[in-house]
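Asker: In this note's numbering, the protein residues as written are 75 to 203.
Treat the hints with care, since some could be wrong.
[Claimed, not checked] DEER-style ranges, computed between Cβ atoms: (1) Pro179 with Ala90: 18 to 26 Å; (2) Phe97 with Asn184: 36 to 44 Å; (3) Gln195 with Thr116: 20 to 28 Å; (4) Asp110 with Gly168: 18 to 26 Å; (5) Thr155 with Pro96: 34 to 42 Å; (6) Val150 with Thr93: 42 to 50 Å; (7) Glu130 with Gly168: 17 to 25 Å; (8) Asp186 with Ile84: 30 to 38 Å; (9) Arg138 with Ala164: 16 to 24 Å; (10) Val183 with Val98: 36 to 44 Å.
No wet-lab data here; the hints were simulated from the structure. Even glycine gets a Cβ: it sits at the ideal position worked out from N, Cα and C.
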Amino acid sequence: MAIGPSNWLINSQWDAALTGIPFVVNQPYVQFHSADPGSGGTSNIIAIDRQAAFFERDTDGHWRTAGAPLEVSVDVGTDVTITHISIHDAFSAGNWMINMVGNQPILVVNGDLLTLSDRIQWTVTDWVS
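Could you build all of it, start to finish, from the sequences and the hints given here?
Answerer: In structure tokens:
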């Protein structure tokens, strides 16, 4: 599964909407991937720690990272291209929330400081499950 939400995320949202069970992810974390993250967001992980990120919704309905741009020190053995991200509810382990594919790959080299100045942004339109 290249992109999309996890069953855990969808079920938690339905529980909140239909049964009143509270659902909040206090701190989401972004994980970078070099190809399809797979179910669980555990495949093709780039050796960079998950990064804490907060999100907001703009007036046009886009979800995007909030605050200062994410800055990530790159410590990889060989050059690698970031093609996907996954979002989780913990720095390690925890629950996988969603996979997303980038609209353009980002080549990173060992020693780079990756700055996501354009923010991570997405929109949900006409979603049919």
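Asker: For every hint, state whether the structure bears it out.
Answerer: Against the structure, the hints come out as follows:
no. : hint                           : result
1   : Pro179 with Ala90: 18 to 26 Å  : 35 Å, violated
2   : Phe97 with Asn184: 36 to 44 Å  : 39 Å, holds
3   : Gln195 with Thr116: 20 to 28 Å : 24 Å, holds
4   : Asp110 with Gly168: 18 to 26 Å : 20 Å, holds
5   : Thr155 with Pro96: 34 to 42 Å  : 39 Å, holds
6   : Val150 with Thr93: 42 to 50 Å  : 43 Å, holds
7   : Glu130 with Gly168: 17 to 25 Å : 22 Å, holds
8   : Asp186 with Ile84: 30 to 38 Å  : 35 Å, holds
9   : Arg138 with Ala164: 16 to 24 Å : 22 Å, holds
10  : Val183 with Val98: 36 to 44 Å  : 37 Å, holds
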